[in-house]
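With chain L fixed as given, assemble chain R onto it according to the hints.
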Amino acid sequence: MMDRVKIEQELVEFFSTKETLDPTSLISEDTNLIEAGLDSMIMIELLLFIEEKYGFWIPEAYLTEEIFKNIKALSTSIIELSNNKNI
Amino acid sequence: MNLYELLRHSTKEHPEKPAIIADKKITYKELIYEVSMIAEELHKFGIEKKNRVGIILSNSPFYIALSYAIWANGACVVPISTDLTEKEALDIILSTNLKAVISHKQLPYAQVNNLKPADGLFHDYYYFYSHEITPNHAHDHLNMAFLRFTSGTTSASKGVILCHETVLERISAANKVLKINTNDNIIWMLSMAHHFTVSIVLYLTNGATITLCKNHLAGQVLETINREKGTIIYATPFHLKLLSENLSSLNLASIRLVISTAMSLSANIAEKFYSRFSIPITQAYGIIEIGLPCINLDAPPGKINSVGKVLPDYEIKLIDPNNPHETNPKKGEIFVRGPGMIDAYYSPFKPRNLIMKDGWFATGDLGQFDEEGNLSIIGRKKDLINIAGMKFFPQEIESIINKHELVKESISYPLRHDSLGEIMQAKVILKETSAHNEAIIREIMQLCKNNLAPYKIPRKIEIVTTIPKTFSGKLKRHYPAIGM
Numbered sequence: 001m002m003d004r005v006k007i008e009q010e011l012v013e014f015f016s017t018k019e020t021l022d023p024t025s026l027i028s029e030d031t032n033l034i035e036a037g038l039d040s041m042i043m044i045e046l047l048l049f050i051e052e053k054y055g056f057w058i059p060e061a062y063l064t065e066e067i068f069k070n071i072k073a074l075s076t077s078i079i080e081l082s083n084n085k086n087i
Numbered sequence: 088m089n090l091y092e093l094l095r096h097s098t099k100e101h102p103e104k105p106a107i108i109a110d111k112k113i114t115y116k117e118l119i120y121e122v123s124m125i126a127e128e129l130h131k132f133g134i135e136k137k138n139r140v141g142i143i144l145s146n147s148p149f150y151i152a153l154s155y156a157i158w159a160n161g162a163c164v165v166p167i168s169t170d171l172t173e174k175e176a177l178d179i180i181l182s183t184n185l186k187a188v189i190s191h192k193q194l195p196y197a198q199v200n201n202l203k204p205a206d207g208l209f210h211d212y213y214y215f216y217s218h219e220i221t222p223n224h225a226h227d228h229l230n231m232a233f234l235r236f237t238s239g240t241t242s243a244s245k246g247v248i249l250c251h252e253t254v255l256e257r258i259s260a261a262n263k264v265l266k267i268n269t270n271d272n273i274i275w276m277l278s279m280a281h282h283f284t285v286s287i288v289l290y291l292t293n294g295a296t297i298t299l300c301k302n303h304l305a306g307q308v309l310e311t312i313n314r315e316k317g318t319i320i321y322a323t324p325f326h327l328k329l330l331s332e333n334l335s336s337l338n339l340a341s342i343r344l345v346i347s348t349a350m351s352l353s354a355n356i357a358e359k360f361y362s363r364f365s366i367p368i369t370q371a372y373g374i375i376e377i378g379l380p381c382i383n384l385d386a387p388p389g390k391i392n393s394v395g396k397v398l399p400d401y402e403i404k405l406i407d408p409n410n411p412h413e414t415n416p417k418k419g420e421i422f423v424r425g426p427g428m429i430d431a432y433y434s435p436f437k438p439r440n441l442i443m444k445d446g447w448f449a450t451g452d453l454g455q456f457d458e459e460g461n462l463s464i465i466g467r468k469k470d471l472i473n474i475a476g477m478k479f480f481p482q483e484i485e486s487i488i489n490k491h492e493l494v495k496e497s498i499s500y501p502l503r504h505d506s507l508g509e510i511m512q513a514k515v516i517l518k519e520t521s522a523h524n525e526a527i528i529r530e531i532m533q534l535c536k537n538n539l540a541p542y543k544i545p546r547k548i549e550i551v552t553t554i555p556k557t558f559s560g561k562l563k564r565h566y567p568a569i570g571m
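Heads up: the sequence lines are chains L and R, in that order.
Position 45, counted from 1, in the first sequence is what my numbering calls 45; the numbers after and before it change by one each time, with no gaps.
Position 53, counted from 1, in the second sequence is what my numbering calls 140; the numbers after and before it change by one each time, with no gaps.
Extracted from the complex, chain L is given alone in its bound form:
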């Protein structure tokens, strides 16, 4: 069973190292990642991070504004997709 709190902490840590994201605000579970400046390169790094950490590649069809609304939404999607790895 995936630990949501742990996933969110790991994602906060991941995004906190991305220097092209808005440096004026601390990254938290509620940060809107799109508004913070999520670009293609960070998205690719995130997909690689998720693949390495949680064992699957998020299908491109799932990469919508909804999933990046904040880290809570992203962690929910990771848990749902991980439970359904026939994607």
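Since the hints were derived computationally from the structure, they do not count as laboratory data.
Among the hints, erroneous ones may be present.
[As the list claims (entries may be wrong)] In silico lysine-lysine, DSS-like type, Cα no more than 27 Å apart, as pairs:
id, chain 1, residue 1, chain 2, residue 2
1, L, LYS69, R, LYS301
2, L, LYS53, L, LYS72
3, R, LYS478, L, LYS53
4, R, LYS192, L, LYS69
5, L, LYS69, R, LYS111
6, R, LYS478, R, LYS359
7, R, LYS547, L, LYS6
8, R, LYS136, R, LYS245
9, R, LYS112, R, LYS316
10, L, LYS53, R, LYS536
[Stated by the list, open to error] To list a few chain R residues with every Cβ distance to chain L over 12 Å, as calculated:
id, residue
11, GLU135
12, LEU384
13, HIS412
14, LYS561
[Said to hold, decoys possible] Interface residues of chain L toward chain R, partial, derived using beta-carbon atoms under 7 Å:
id, residue
15, ILE34
16, LEU63
17, GLU65
Quick reminder that beta carbons are idealized off the backbone N, C-alpha and C, glycines included.
Quick look at chain R alone, frame taken from chain L:
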């Protein structure tokens, strides 16, 4: 001549036309005004003709205006990707003897290396300048516009110098087939640190509009295209895959051309995109030393893997490396000749006439022509790796891994990846066998994370006892087939 003058000409022709659409529309008149303000500020900070100025910024209208402002002062743009580590960026700053750097973040080592922070028009960014730069007269005779490293770092790559006249030749040759004009609105998704000449400069020189999407998620891009009536998409296969997977009913009715560049396009992505939008993707073959010699404008679905026919101003020949005297081999290394070729490599300095024999540039890519003259890229001779359009040499990874005190030697190599093209792995030989391989692998991985841009970091490191070598003792490298 100067590329800034070409923008001024476009502005005279179409002052009220949008040049850039981002958070707001910026007309050509507004853009040239912004350029002149920044140019004046740069001049106040001592930027002069022949200086080299680094840019470490994400895509934005300011990036474009800043580049033209640097040219307005007769100086040269040195793009430094924001993905690079501090060490990688500093290597470029020092080896290219930059007069100034405009960066999105602090450069902690800058003061140690004689770059001082300053204020002014750049209040949203950090500006560093150097009072003293070491003169380097090798390049004095060149009218330098760009100095770009083929992999974004200096290690195992050479700085490509492009002069203003060269860029103009390049964009003129490309536009004979692309026909960019004032009715065009290009939806831009690439990194400006890696793509600027036969793109941004081409578009603004021909009075087109460039739209910078708020983000590159498919929904946002499609909404933008429909709202702004985009006519051309210029993106990597990764972006096009995102679009092809979009489940909305939005279409690409206003689009006349979809160009895929930076990495090879898989048949899977091309077919899915065509199925979704009924528009074929046009693959383009471009190399920083050459420009854009091939574009697959015919692009019928049956020729997905092809980069198309050679543009009218260019010549391409194939040379079989195993039989170099054979004329017209079926497959071979791609050699290109034409306008807008590299002016020189920066360091060690090597001018055009010494880089290319009789004007022919050896690309290091392997290709073949079909019976209709369409070129396909089937492999590579050189070591360059390409991950989602980010290019670098495996030696950059190996030089970091080999710094670990227990490592004797290493090899890094790419594996196919459906979405990114390739990802890296590495094999390592230790100086002595160890019972702590897992811990050593973790240390090596941390070393990579501390010193390499994220996309270069090997996804897996394996400790082995042998690494294949060639007869001459070089590491034997294998690459996955391209164009699958």
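Next item on the list: Check the non-interface label on LEU384 (chain R): least C-beta distance to chain L beyond 12 Å or not.
Entry: 25 Å, holds
Item checked: Minimum Cβ distance from GLU135 (chain R) to chain L greater than 12 Å, as the annotation requires -> 30 Å, holds
Next item on the list: Assess, step by step, whether the Cα of LYS547 (chain R) is no farther than 27 Å from the Cα of LYS6 (chain L), and give holds or violated.
Entry: Given that 27 Å is the threshold and the Cα spacing comes to 23 Å, the pair holds.
Checklist line | Verdict on LYS561 (chain R) as a residue remote from chain L, using beta-carbon distances over 12 Å | finding: 29 Å, holds
Check: Quick one, are LYS69 (chain L) and LYS301 (chain R) close enough, alpha carbons at most 27 Å?
Finding: 14 Å, holds
Next item on the list: Mind checking the CB of ILE34 (chain L) against every CB in chain R and telling me if the closest is under 7 Å?
Entry: 5 Å, holds
Checklist line | 27 Å Cα cutoff - pair LYS53 (chain L), LYS72 (chain L) | finding: 17 Å, holds
Check: Has the given pair, LYS136 (chain R) with LYS245 (chain R), been kept, meaning a C-alpha gap of at most 27 Å?
Finding: 23 Å, holds
Checklist line | Distance restraint between LYS478 (chain R) and LYS53 (chain L), which requires alpha-carbon spacing of 27 Å or less | finding: 25 Å, holds
Next item on the list: Quickly compare the C-alpha distance for LYS478 (chain R) and LYS359 (chain R) to 27 Å and report which way the hint goes.
Entry: Judged against 27 Å, a Cα distance of about 25 Å means the pair holds.
Next item on the list: Would you assess whether HIS412 (chain R), listed as outside the interface, keeps its beta-carbon beyond 12 Å of every beta-carbon in chain L?
Entry: For HIS412 (chain R), whose nearest Cβ neighbour in chain L is about 44 Å away, the distance exceeds 12 Å, so it holds.
Next item on the list: Quickly compare the C-alpha distance for LYS53 (chain L) and LYS536 (chain R) to 27 Å and report which way the hint goes.
Entry: 15 Å, holds
Of the numbered hints given earlier, the model fails none.
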